[in-house]
Amino acid sequence: MESAPLAAITLGGLQALFDELKNQGYRVVGPVVRDGAIVYDDIGAVSELPRGWKDEQDGGHYRLVRRSNDARFGYAVGPHSWKKYLHPPLQPLWRARREDDRMSVEPERAVPERFAFIGVRACELRAIAVQDRVLLGGAHADLHYQARRNGAFIVALNCSQAGGTCFCVSMNAGPKVDSGFDLALTEIAEGGEPLYIVAAGSEAGRKLLSALPHREAQSQEVAAAAAIVARTAASMGREMQADDVKELLQHNLDHPRWDEVAERCLACGNCTMVCPTCFCTSVQDSSDLAGLEFSRSRRWDSCFTSDFSYIHGGSVRTSTRSRYRQWITHKLASWFDQFGSSGCVGCGRCITWCPVGIDIAEEVRAIRESERPSAAEPSGESAAGGITPVKQR
Amino acid sequence: MATAAGKPRLAVFKFASCDGCQLTLLDCEEQLLSVADALEIAYFPEATRADLKGRYDLALVEGSITTEHDAQRIHEVRRRSRTLITIGACATAGGIQALRNFANVRAYAAAVYAHPEYVRTLATSTAIADHVTVDFELRGCPVNKQQLLEVISAFLIGRRPVTPPHSVCLECKLSGNVCVMVARGTACLGPVTHAGCGALCPAYERGCYGCYGPMETPNSVSLSRRLRAVGLDEQVLKRIYRTFNAAAPAFREESERHGG
Chain A
612 MESAPLAAIT LGGLQALFDE LKNQGYRVVG PVVRDGAIVY DDIGAVSELP RGWKDEQDGG
672 HYRLVRRSND ARFGYAVGPH SWKKYLHPPL QPLWRARRED DRMSVEPERA VPERFAFIGV
732 RACELRAIAV QDRVLLGGAH ADLHYQARRN GAFIVALNCS QAGGTCFCVS MNAGPKVDSG
792 FDLALTEIAE GGEPLYIVAA GSEAGRKLLS ALPHREAQSQ EVAAAAAIVA RTAASMGREM
852 QADDVKELLQ HNLDHPRWDE VAERCLACGN CTMVCPTCFC TSVQDSSDLA GLEFSRSRRW
912 DSCFTSDFSY IHGGSVRTST RSRYRQWITH KLASWFDQFG SSGCVGCGRC ITWCPVGIDI
972 AEEVRAIRES ERPSAAEPSG ESAAGGITPV KQR
Chain B
31 MATAAGKPRL AVFKFASCDG CQLTLLDCEE QLLSVADALE IAYFPEATRA DLKGRYDLAL
91 VEGSITTEHD AQRIHEVRRR SRTLITIGAC ATAGGIQALR NFANVRAYAA AVYAHPEYVR
151 TLATSTAIAD HVTVDFELRG CPVNKQQLLE VISAFLIGRR PVTPPHSVCL ECKLSGNVCV
211 MVARGTACLG PVTHAGCGAL CPAYERGCYG CYGPMETPNS VSLSRRLRAV GLDEQVLKRI
271 YRTFNAAAPA FREESERHGG
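Protein sequence lines correspond, in order, to chains A and B.
Quick note: the first sequence uses this note's numbering, first residue 612, plus one each step.
Quick note: the second sequence uses this note's numbering, first residue 31, plus one each step.
Just to be clear, a hint being listed does not mean it is correct.
[What the hints assert, rightly or not] Chain A is nowhere near these chain B residues, computed Cβ spacing over 10 angstroms in every case:
{"id": "1", "residue": "L56"}
{"id": "2", "residue": "D57"}
{"id": "3", "residue": "D87"}
{"id": "4", "residue": "Q102"}
{"id": "5", "residue": "R103"}
{"id": "6", "residue": "E106"}
{"id": "7", "residue": "T113"}
{"id": "8", "residue": "L129"}
{"id": "9", "residue": "N131"}
{"id": "10", "residue": "A137"}
{"id": "11", "residue": "E147"}
{"id": "12", "residue": "A153"}
{"id": "13", "residue": "E264"}
{"id": "14", "residue": "R282"}
[Stated by the list, open to error] Here are the simulated distance ranges between beta carbons:
{"id": "15", "chain 1": "A", "residue 1": "A901", "chain 2": "B", "residue 2": "L230", "range": "24 to 30 angstroms"}
{"id": "16", "chain 1": "B", "residue 1": "F166", "chain 2": "A", "residue 2": "G636", "range": "43 to 49 angstroms"}
{"id": "17", "chain 1": "A", "residue 1": "S790", "chain 2": "B", "residue 2": "G289", "range": "56 to 62 angstroms"}
{"id": "18", "chain 1": "A", "residue 1": "A841", "chain 2": "B", "residue 2": "E283", "range": "48 to 54 angstroms"}
{"id": "19", "chain 1": "B", "residue 1": "E283", "chain 2": "A", "residue 2": "S790", "range": "51 to 57 angstroms"}
{"id": "20", "chain 1": "A", "residue 1": "G802", "chain 2": "B", "residue 2": "E246", "range": "50 to 56 angstroms"}
{"id": "21", "chain 1": "B", "residue 1": "V266", "chain 2": "A", "residue 2": "R709", "range": "51 to 57 angstroms"}
{"id": "22", "chain 1": "A", "residue 1": "E667", "chain 2": "B", "residue 2": "G289", "range": "30 to 36 angstroms"}
{"id": "23", "chain 1": "A", "residue 1": "D711", "chain 2": "B", "residue 2": "R85", "range": "27 to 33 angstroms"}
{"id": "24", "chain 1": "A", "residue 1": "P718", "chain 2": "B", "residue 2": "Y138", "range": "56 to 62 angstroms"}
Hints listed in this document are in silico derivations from the structure and should not be mistaken for laboratory results.
On a predicted model such as this, the values are computed, not experimentally measured, just so you know.
Note that CB positions come from ideal geometry on N, CA and C, so glycine has one too.
Just need the whole structure built from these sequences, with the hints factored in.
Written as C-alpha cells, this is what we have:
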C-alpha cells in the first residue's frame, strides 16, 4: 500500500465518505462529544465531529480542553472502544417458551450488522485483531461477533496527539496504523481547514476512495503527515518495557507489590470494562412471572467480581490481590500462552478510567525495579512518575 | 411453587419505613396483573383489606426494627413464612433511621415531640437479618422495580435471582455512561456501592449516593483517599457514608474513620 500514491481529501471529501458509506447501507459510527468526553456514537455529518477539542489524561483523570486549531481528531482515546459494537455489553443467546408440557427453544439469530467505524486508532485496530483471535480464532467462533465483524468497514486514523496515558509505542501497537483497515487518514489541521491524507488498505477502501472527491497528495503533504505520526510516537505519556514482561510477572506471583496495589484497588471493574481487549462475559437466565417465557443472555463481566470466579462451594479468587494479579498476568503474560500475543495494546484506558488512577505501566515498573540490583538506579524522571519520553522509532 | 391449594401465598409486611419499597410493587403497572395471577395476595395492607390467617409461601418484608413491639412481631412473621425476603435499605441495613445508632435517640425525640415520654422506641434501628433468618435480601432505597420482579420471578420458578453484588461502576460501563469522577471530578460512591439501580445518578451526571449500600468487597478507605483529593473534607466524608445505609457495617466503619 506504500507504493500506491496517497490521496488528499478535504472536510467535504470526508462528508462525502460518510454519505457514501450510509448510501451503501453502513451504520456510520464515530467520535462525538458527550457528557464531558469523546465517545463513540452514530454520526451523520462531519459537523458532529469533536472540532477543536483535545483530551487531557492522567491516572484517574480525563478532561476535555480546547486546542489551538480546528482538528476534528485531535484527541487520543476516550472511555468507549469499538468492542461496544462488535462485542456488545448485553447479548441475548436464546429464548424459550413453555406451552402445556412442551418447551420450545429458539436460539437468538446472529444478525449481520454493517458498521462503518470512523477514526479507529492503531491501538484499537490491534485490539480488534486481538478480539478477532479470541472470539473467532478458536474451534468455536462467536457467531454474534462474526456477524458484526465481517461486514465492518474501518476508517482508521493515524494519531496526531498522544494521550497522557498512552503507551502504544511500548506495546508495538501504534501510533501508525499498518494493517487491518479499509481507509486510513492522517489529519493535517495546522493552518485552517483540515486536510486528510488518505491511504487505502483494502479493495473496498480503494473503490470507495475513487468515488470521493479527492486529489493526489503532494510530497510535502505526505512528509507532513509522516512527521505528525513521528511526533506522536515521540510524545507517549507512559512507557512499559514489554519485551520480557511475561517472564517478569510469571516469576513474581508472590511479589509484595500485589498486596500494595490491592490496598488501592477498588475491585470496581472499571479497568476491564474500558479495556478494548477484555472479552469476558457471564451468562444469566431470566424467567417471567407466569413461568412461561425464559431467556438466556450474556453480559460483560469482570475478573474483579467475586461471582466471576464462583464455582461450586465459593469464589476461587476471594481477595482483591488475587483478582488484580489475575487481570494483569492474564493481560500481559498468560495471554501469550493462550492466544499468541499480548492482551495489552497500550491505549491507556485502564489507567485513565481507574477511579483511583492505578497505572498498569507503573505496577510493572515497580516489580521490575525491585528485581534490579540496587546499583542500577533509574533516571530521576522515570522514578518520579513512570512518565518517560519515548525515543522516536 | 404452587401449593396444593393453588397459587403461592404472598404477604407484604411493613416495619419502620416510608412504604416506598412496597409501593414499588404497586408501581409495577402492567406486570402487576401478572403478579396477582401468579400469587395469591394474602396480606398486603397497601393493596387490599384481605387479612388471611395461616402461613405464607413468600413474605416480603420492608422496614427496620426500631421498637420492642416490632422486635417481637418479626418473629411471628418468620414463623408464618416459608420464604422471607427483605426489601430495601431499611430492612437490609436499618435505613436512614439508623442515624440514631450514632446518637442519643432520647435527645432526638425530645427535640421533635412535645411529649417524648409517650414515644416508646429502641435505641437503635436494625436490619431484619439481625433478628431472624432471612432467605434473601434485596437492596436499594427504594428497591428497583425490575429487580423486585426478578426476585419474585426467581422465587416462583425456584432459581437464584440475578441481582449482582458488584459495583455500580459496572452498570455505568454497561450502559456507556462517562465516569463522572474521572471526567468531572464529581464525588461518587459508585465504586463501593452495590449495583441494582442501573447507575441512575451517574446517568444524569451526578455522583452515586450509595442508596444500595456497600458492594461485595468495598474498599472505601481507598475511595475516601481519592474523594479527599477531589475536595471532600472529613466532615463531608463522614456524612456521605451516613445516609440510607448508614448502619451497613462497611459504610458505618468508613464513616467512623472520619470522626465519631
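Against the structure, the hints:
Residue-level check passed: L56 (chain B) sits 15 angstroms from the nearest beta carbon of chain A, beyond 10 angstroms. With a closest Cβ-Cβ approach of about 15 angstroms to chain A, D57 (chain B) is found to remain outside the 10 angstroms limit, as its non-interface label requires. Remark: the non-interface label on D87 (chain B) is consistent with the geometry, its nearest Cβ contact in chain A lying 14 angstroms away (cut-off 10 angstroms). Non-interface status of Q102 (chain B) relative to chain A is upheld: no Cβ of that chain comes within 10 angstroms, the nearest being about 33 angstroms off.
No beta-carbon of chain A is positioned within 10 angstroms of the beta-carbon of R103 (chain B); the least distance is around 29 angstroms. No Cβ of chain A comes within 10 angstroms of the Cβ of E106 (chain B); the nearest lies about 28 angstroms off, and the non-interface call holds. Consistency note on T113 (chain B): stated as away from chain A, and its beta-carbon is indeed over 10 angstroms from all of that chain's, at 16 angstroms minimum. Chain A leaves L129 (chain B) outside its interface by the beta-carbon criterion, the shortest separation being 26 angstroms against a cut-off of 10 angstroms.
Its beta-carbon lying about 26 angstroms from the closest one in chain A, N131 (chain B) satisfies the requirement of being farther than 10 angstroms from that chain. The Cβ of A137 (chain B) lies farther than 10 angstroms from every Cβ of chain A, with a closest approach of about 37 angstroms, so its non-interface assignment holds. Annotated as non-interface, E147 (chain B) keeps its C-beta farther than 10 angstroms from every C-beta of chain A; the closest such distance is 47 angstroms. Here A153 (chain B) stays apart from chain A, with its beta-carbon at least about 34 angstroms from theirs, past the 10 angstroms limit.
At roughly 19 angstroms, the least C-beta separation between E264 (chain B) and chain A is larger than 10 angstroms, which holds for a residue marked as non-interface. With a closest Cβ-Cβ approach of about 19 angstroms to chain A, R282 (chain B) is found to remain outside the 10 angstroms limit, as its non-interface label requires. With their beta carbons about 28 angstroms apart, A901 (chain A) and L230 (chain B) fall inside the hinted range of 24 to 30 angstroms. Taking the beta carbon of each, F166 (chain B) and G636 (chain A) are about 48 angstroms apart, inside 43 to 49 angstroms as hinted.
Range check, S790 (chain A) to G289 (chain B): Cβ separation about 58 angstroms, and the 56 to 62 angstroms hint holds. One distance hint, 48 to 54 angstroms for the beta-carbon pair A841 (chain A) and E283 (chain B), holds here, with the actual separation near 53 angstroms. The beta-carbon spacing between E283 (chain B) and S790 (chain A), approximately 53 angstroms, falls within the hinted interval of 51 to 57 angstroms. Under the hint 50 to 56 angstroms, the C-beta atoms of G802 (chain A) and E246 (chain B), about 55 angstroms apart, fit the expected range.
Distance hint for V266 (chain B) and R709 (chain A): a CB-CB separation of about 53 angstroms, consistent with the stated range 51 to 57 angstroms. One distance hint, 30 to 36 angstroms for the beta-carbon pair E667 (chain A) and G289 (chain B), holds here, with the actual separation near 34 angstroms. Between D711 (chain A) and R85 (chain B) the CB atoms are about 30 angstroms apart, so this pair conforms to the stated range of 27 to 33 angstroms. Between P718 (chain A) and Y138 (chain B) the beta carbon distance is about 59 angstroms. The supplied range of 56 to 62 angstroms therefore holds.
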